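Peer 1: Given next are the chains, with one letter for each unit.
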Amino acid sequence: DAKTTQPPSMDCAEGRAANLPCNHSTISGNEYVYWYRQIHSQGPQYIIHGLKNNETNEMASLIITEDRKSSTLILPHATLRDTAVYYCIVRVPPQNNDMRFGAGTRLTVKP
Amino acid sequence: SAVISQKPSRDICQRGTSLTIQCQVDSQVTMMFWYRQQPGQSLTLIATANQGSEATYESGFVIDKFPISRPNLTFSTLTVSNLSPEDSSIYLCSVGEQGVSPLHFGNGTRLTVT
Chain A
1 DAKTTQPPSM
11 DCAEGRAANL
21 PCNHSTISGN
31 EYVYWYRQIH
41 SQGPQYIIHG
51 LKNNETNEMA
61 SLIITEDRKS
71 STLILPHATL
81 RDTAVYYCIV
91 RVPPQNNDMR
101 FGAGTRLTVK
111 P
Chain B
1 SAVISQKPSR
11 DICQRGTSLT
21 IQCQVDSQVT
31 MMFWYRQQPG
41 QSLTLIATAN
51 QGSEATYESG
61 FVIDKFPISR
71 PNLTFSTLTV
81 SNLSPEDSSI
91 YLCSVGEQGV
101 SPLHFGNGTR
111 LTVT
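So the sequences go chain by chain: A and B. So that you can map any letter, position 111 of the first sequence is 111 in the numbering used here, and since no number is skipped, the others follow by simple counting. So that you can map any letter, position 90 of the second sequence is 90 in the numbering used here, and since no number is skipped, the others follow by simple counting.
Each hint should be verified, as a subset may be incorrect.
Covered stretches of chain B (chain A as the covering partner; in silico rule of three or more C-beta atoms under 8 Å from a C-beta of chain A) [claimed, not checked]:
#1 37 to 46
#2 92 to 106
Some, not all, of what chain B presents toward chain A, calculated at C-beta under 10 Å [claimed, not checked]:
#3 Ser27
#4 Thr30
#5 Met31
#6 Glu58
From chain B, some residues computed to sit far from chain A (all C-beta separations above 10 Å) [to be verified]:
#7 Tyr57
#8 Lys65
#9 Glu86
Hints in this document: simulated from the structure, not taken from any laboratory. Note that this is a predicted model, so its numbers are computed, not measured. Beta carbons: idealized from backbone N, C-alpha and C, even for Gly.
Whole structure, please, built from the sequences with the hints as guidance.
Peer 2: This is the structure:
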């Protein structure tokens, strides 16, 4: 599996967009990028995933660079409830069905 | 997505005893996994729970310490045996289907060993 690199922590002002970067420079052509978040005392919550096209859902947008070596998770209007640890994971199903978690980014949304 | 229930949600156990954690899903799922999250750390995969056969363990985890059962496609148990304070962690169940779809996680069992 390709490894990912994320900044250990980030701050964001409430109501502003939170842009969380992830580096996955050794990603292979068939590996997907997944994002999860973990709010304190809860299990990880799935946010979004993609292969090479940008993706958007009700929670967030995922921007993957053309060379696929990095991606950015965008929370368009961060709220205090978005304070969590965000994990970027690369995975190539069906060879790898589990999720391998790195250290993640601790996002703190401030009022 | 599947609704995942873990029991107990938390427990305090004495050194040398064992704790069995249950994971119940409201629909049949192909894959079930068990993870450990030590205090202040990220999640580490313990094993894949295989229906009707022995679990597949990750490096550093052994069946004698973490026996796992999966009798059907909706239920699995993880036992943490011969507890020591180092076993104090959150244990999480994860489920999913083969393919691109993401895995989903329960809220975990917080174990404290005294």
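Peer 1: Determine for every hint whether it applies to the structure shown.
Peer 2: Outcome of the hint check:
no. : hint      : in the structure
1   : 37 to 46  : holds (count 4)
2   : 92 to 106 : holds (count 11)
3   : Ser27     : violated (16 Å)
4   : Thr30     : holds (8 Å)
5   : Met31     : holds (5 Å)
6   : Glu58     : holds (9 Å)
7   : Tyr57     : holds (12 Å)
8   : Lys65     : holds (19 Å)
9   : Glu86     : holds (20 Å)
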